[in-house]
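J.: Sequence:
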Amino acid sequence: MKKILDLISSRMEEAFLACGYEARYARVVLSNRPDLCEYQCNGAMAAAKAYKKKPIDIAGEVVEYLTGGRDAGAGGDGKSTVMFSQTDAVMPGFINLRLNGSFLADYLNGMQKEQKLGLEEPGCGETVIVDYGGANVAKPLHVGHLRSAVIGESIRRMGAYLGYHMIGDVHLGDWGLQMGLIIEELRERKPDLVYFKEHYEGEYPAKAPFTIGELEDIYPCASAKSKKDESFKERAQRATLRLQGGYAPYVAVWKHIMAVSLADLKKNYGNLDVHFDLWKGESDAGPYIPWLLSDLQEKGLARESEGALVVDIAEESDPKELPPCIVQKSDGAALYATTDLGTMLEREKLYQPKRYIYIADKRQELHYTQIFRVAKKAGYVPKETRMDYIGFGTMNGKDGKPFKTRDGGVMRLEQLIADIEEAVYARIQENRGVLEEGPEAEGSGTGMEMTEEEARKTAKRIGLAALKYGDLSNQAAKDYVFDLDRFTSFTGNTGPYILYTVVRIQSILRNYQESGGNAGDAGILPAEGSAERELMLELTRYNEVMETAFAELAPHKICQYVYELANAFSGFYRDNKILAQEDAARQKGWIRLITLVRDVLTAGIGVLGFEAPERM
RNA sequence: GCGUCUGUAGCUCAGUGGAUAGAGCAAUGGCCUCCGGAGCCAUGUGCGGAGGUUCGAUUCCUCUCAGACGCACCA
0 MKKILDLISS RMEEAFLACG YEARYARVVL SNRPDLCEYQ CNGAMAAAKA YKKKPIDIAG
60 EVVEYLTGGR DAGAGGDGKS TVMFSQTDAV MPGFINLRLN GSFLADYLNG MQKEQKLGLE
120 EPGCGETVIV DYGGANVAKP LHVGHLRSAV IGESIRRMGA YLGYHMIGDV HLGDWGLQMG
180 LIIEELRERK PDLVYFKEHY EGEYPAKAPF TIGELEDIYP CASAKSKKDE SFKERAQRAT
240 LRLQGGYAPY VAVWKHIMAV SLADLKKNYG NLDVHFDLWK GESDAGPYIP WLLSDLQEKG
300 LARESEGALV VDIAEESDPK ELPPCIVQKS DGAALYATTD LGTMLEREKL YQPKRYIYIA
360 DKRQELHYTQ IFRVAKKAGY VPKETRMDYI GFGTMNGKDG KPFKTRDGGV MRLEQLIADI
420 EEAVYARIQE NRGVLEEGPE AEGSGTGMEM TEEEARKTAK RIGLAALKYG DLSNQAAKDY
480 VFDLDRFTSF TGNTGPYILY TVVRIQSILR NYQESGGNAG DAGILPAEGS AERELMLELT
540 RYNEVMETAF AELAPHKICQ YVYELANAFS GFYRDNKILA QEDAARQKGW IRLITLVRDV
600 LTAGIGVLGF EAPERM
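Take 0 as the starting number for the first sequence in numbering that gives the first Met the number 0 and just add one per residue.
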């Protein structure tokens, strides 16, 4: 289905053209003065100069055309409805519009018949690689990984919903210095392992010589040691180099580290309801690196500098010369940029994406600028391929500083999720308590009874919504304050509030069905009340919002929309007693209307990465 | 030093080249014989500052102040 703004705009274009003005002045936008109109066109003022006329005269001519008895709907289907109920030219040159109620109702009826509620699929199956997650092997996920996972998952879902072939890749950190650090630390702890015997010729054990718990202790320990102990660091660097060179015993250890760690990471991302199509890592770029380095040199792009191999990426238009991109360390080891470029080579070979979207901390912006330029300069990625980088801000505590545990440490993601679930669970218990103490405690049939197990499960689902909505409702690029109490609140602009709205609609629909109601494929009728009309207008924005949000890679726009829609529903719910409505046709229309609201909300939170429970 | 990003209500955040800049939370005062009150209504404060472009700027440009971050062998 066409977007409602496009339908209105094309009607206006017709009018502008008919009056002798360029179509580009006809663009219609949502009104910012709902008291005056629903939509507005400001083109007359912009056109005034070009045509040397007073804006109000231009607006007047256009309105004259529209009201000249030829106001028709998008039509062509024989049952076209008049589009506007109001067309006013207002000083200094605004054209104020309101939709005809039948046109609006028709639009919604169209939406509910369509596959994706009237959403078109501009993606057309184009392949897009989304690189997010960025977990490091052998290190537990912590709050620093949250944003990449949550934002990336949402972007991937948005794109998929719009018909793109989205490929999400976790791109593990599994090939850099941290692996050398772990290997060296392991050697110090368990020097007798066969991997550290120089002339060992036998098979390597199938069982990992450590648990995930040990592994998680090894890395921070080794990392701290390398900062104090220079010789330890050198040994770790050597181990890294040997691993990258394919030294069999280290590769064997590395495989153990990978297996143990990956199982744990999959579990944790699963708890976040974050999914990846590919579990590739930096190591997968390994095979491409020798060719990459020699190719960069053959093309004359790479040069030696202070022992390292670098590629200049500065361009004339740069305000300041950007530092070159280091592709090989002076000790010969690969680093961040090298593996990222190697990864591109693999992705081009296997998937030929039309677009890349990288989601990483905004502090990495320079790095991405560098590798994007190298990739384009060397022709590894076609010129026309879009390469986007979303740099997200820091998650801060209430003090405005990066989020920490009480003792100042880095909080594990598991802990954060557990805290949120606990807070939500407490709220659920609170509500149950209030219910039981209430004057009419019997209240059975409300469907509010919940077993302990259900309550825990529900708390988990609501907690995830609280967490993700709290994060996604902020612009990605900005730092934001993580406030557990606020995010888990069941009122206000929060994830739980959105879920509550969906649950409440479900409850009404359930009651309606249980009392023998069946709306069948009844049509939504033109609105009678103002809240009803506002709700309907809000619904029409759906496809526009989805497209814009993806075009701008801005999940927060979807948050904003679902919140506004939920609020519009609240207004409608307040003014209209759906189940008490005696006019059967109107009641059916309302049932269809709120069903559509539920479906739109469900689709919206679906791309945000969470879902509503049955009850809460 | 150079560069990037960010400054909007007491707090947390949206927003737009257009007509009166919005939400939530907090505060105050109201509203329930209500399908789930986890709601609704009312009241009050704000675009860091200065110039410029424009018929019109909170939005675009320049300067300035403040904060965060980045500037070659970490990722």
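It should be emphasised that the hints constitute simulated quantities derived from the structure, not laboratory data. Any given hint could turn out to be false.
Claimed, not checked - Keeping only pairs whose Cα atoms sit at most 20 Å apart, straight-line, the calculated EDC-like set for lysine to aspartate or glutamate is:
#1 Lys375 x Asp317
#2 Lys254 x Asp283
#3 Lys1 x Glu546
Unchecked claim - Distance ranges between label pairs, derived from CB positions:
#4 Gly390 x Gly516: 20 to 26 Å
#5 Gly399 x Gly570: 31 to 37 Å
#6 Asn31 x Glu125: 30 to 36 Å
#7 Arg573 x Glu413: 39 to 45 Å
#8 Glu610 x Arg431: 19 to 25 Å
#9 Ser304 x Glu21: 53 to 59 Å
#10 Asn31 x Gln351: 29 to 35 Å
#11 Asp418 x Glu21: 34 to 40 Å
#12 Glu452 x Asp228: 28 to 34 Å
A virtual CB, placed ideally from N, CA and C, is assigned to each residue, including glycine.
J.: Could you run down the list of hints and mark each one as holding or not?
T.: Consistency of the hints with the structure:
no., hint, verdict
1, Lys375 x Asp317, "holds, 16 Å"
2, Lys254 x Asp283, "holds, 13 Å"
3, Lys1 x Glu546, "holds, 12 Å"
4, Gly390 x Gly516: 20 to 26 Å, "violated, 51 Å"
5, Gly399 x Gly570: 31 to 37 Å, "holds, 35 Å"
6, Asn31 x Glu125: 30 to 36 Å, "holds, 34 Å"
7, Arg573 x Glu413: 39 to 45 Å, "holds, 41 Å"
8, Glu610 x Arg431: 19 to 25 Å, "holds, 22 Å"
9, Ser304 x Glu21: 53 to 59 Å, "holds, 54 Å"
10, Asn31 x Gln351: 29 to 35 Å, "violated, 43 Å"
11, Asp418 x Glu21: 34 to 40 Å, "violated, 58 Å"
12, Glu452 x Asp228: 28 to 34 Å, "violated, 50 Å"
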